[in-house]
Amino acid sequence: MRSPPTPEMATQEVPLNETLAHLKTESETLKSKLEEERAKLHDVELHQVAEKVEGLGQFVMKTRRTLKGHGNKVLCMDWCKDKRRIVSSSQDGKVIVWDAFTTNKEHAVTMPCTWVMACAYAPSGCAVACGGLDNKCSVYPLSLDKNENLAAKKKSVAMHTNYLSACSFTNSDMQILTSSGDGTCALWDVESGQLLQSFHGHAADVLCLDLAPSETGNTFVSGGCDKKANVWDMRSGQCIQSFETHESDINSVRYYPSGDAFASGSDDATCRLYDLRADREVAIYSKDSIIFGVSSVDFSLSGRLLFGGYNDYTINVWDVLKGTRVSILFGHENRVSTLRVSPDGTAFCTGSWDHTLRIWA
Amino acid sequence: MARDMSDKEILKMELDQLKKEVSTPRTPVNANCTDTIAFVEGLAPNDPLIKGVPDDKNPYKGDKGGCIIT
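Protein chains in written order, with my numbering: chain F, 1 to 361; chain H, 362 to 431.
Rather than coming from a laboratory, the hints here were simulated on the basis of the structure. Honestly, I wouldn't trust all of these hints.
Residues of chain F clear of chain H, computed beta-carbon distances all greater than 10 Å [as the list claims (entries may be wrong)]:
#, residue
1, Lys33
2, Ala108
3, Gly303
Derived coverage of chain F by chain H (criterion: at least 3 residues anywhere in the stretch with Cβ under 8 Å from a Cβ of chain H; other residues may be distant) [unchecked claim]:
#, region
4, 54-64
5, 114-121
6, 194-204
7, 242-249
8, 285-293
9, 344-358
All residues carry an ideal CB built from backbone N, CA and C; glycine is no exception.
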């Protein structure tokens, strides 16, 4: 015989659903209020303010170096502060340090995992950090002795519960910031491996992060599969600003050289510029003819140009102020997966699924 | 971690965040964009990728040095 549901059971069901729906409506209301507040200050668009700015001339940027040596897709790269060395990581588990001027390989490490999605050069130039499907971020000190086995000196620093998507040293070799498929970002002490601060707020995988230029203080921005770009205070772990205008995963975020804005690149085929003081998106870089996702973005030294690496194998160069595309660069034979401008702004490097890296100038 | 949170917990997290954000101080776009433009114009003349670098100073242009076979 089936017993009728007891009154307690019935009342237990309703509050749960009510709270969920209640939360949803409150969330929607707040989101509209936020939009209203932001719209009040939206008196003009960036490209309108920039109408009187002189247009840019013709650009001749070509591949000046091709770095060959990876056996599979190049997933990430970073420049050394000395402006000539580069570290790159690949799907085949290899991490290689190159001299970009001569194209020589200076160091090579084989990671115990495949899909090394993140790599970074230490500010001192004496170490590199990398990680991926192993859910960790490991630091390898670079030895001057070419015969020394780098893997022996490896130090495991970060531990996430899902893949490592990005990593970056802070201003010193002593701290590393990581982002992961587990939806969090974290700050670690390299020496002890201790977790110093964790950042919760994304509702899905975090795919990228970028630290604010040192003059502007202790913040960083992260982008994720929840289409959100969040700006965090490194000391308190709080999310101070959040932007949700992209229509798909945000693959790359990069701070503007002034630190007052940042750009993002997404699977929705657009790059966008967000001004932190106005707390809103101020520019969108897109064309009807561009339908493939952006994997990585970076600014030129002055912030006038925005370079975007796309999944249709090309690099689009945008005039940040006017919102127009100034150039399209061809060369890679597969997706461009990573793009960084060199520290002195004289060149930029791209890594691709075609196994190579290219230096453009 | 986000993956292990229930929908309700994620919504609560979002809600708390939104409450904080509604009261963030903001300045008009006009002023900020003018600042940004001034910033760029100040630095643009020294931007190597915009103004170019003379070939003899650019480490990437010209011969990367190979070996000369005699």
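Item to check | Hint check, failures only | outcome: Per hint list: 1, 3, 5, 7, 8 violated.
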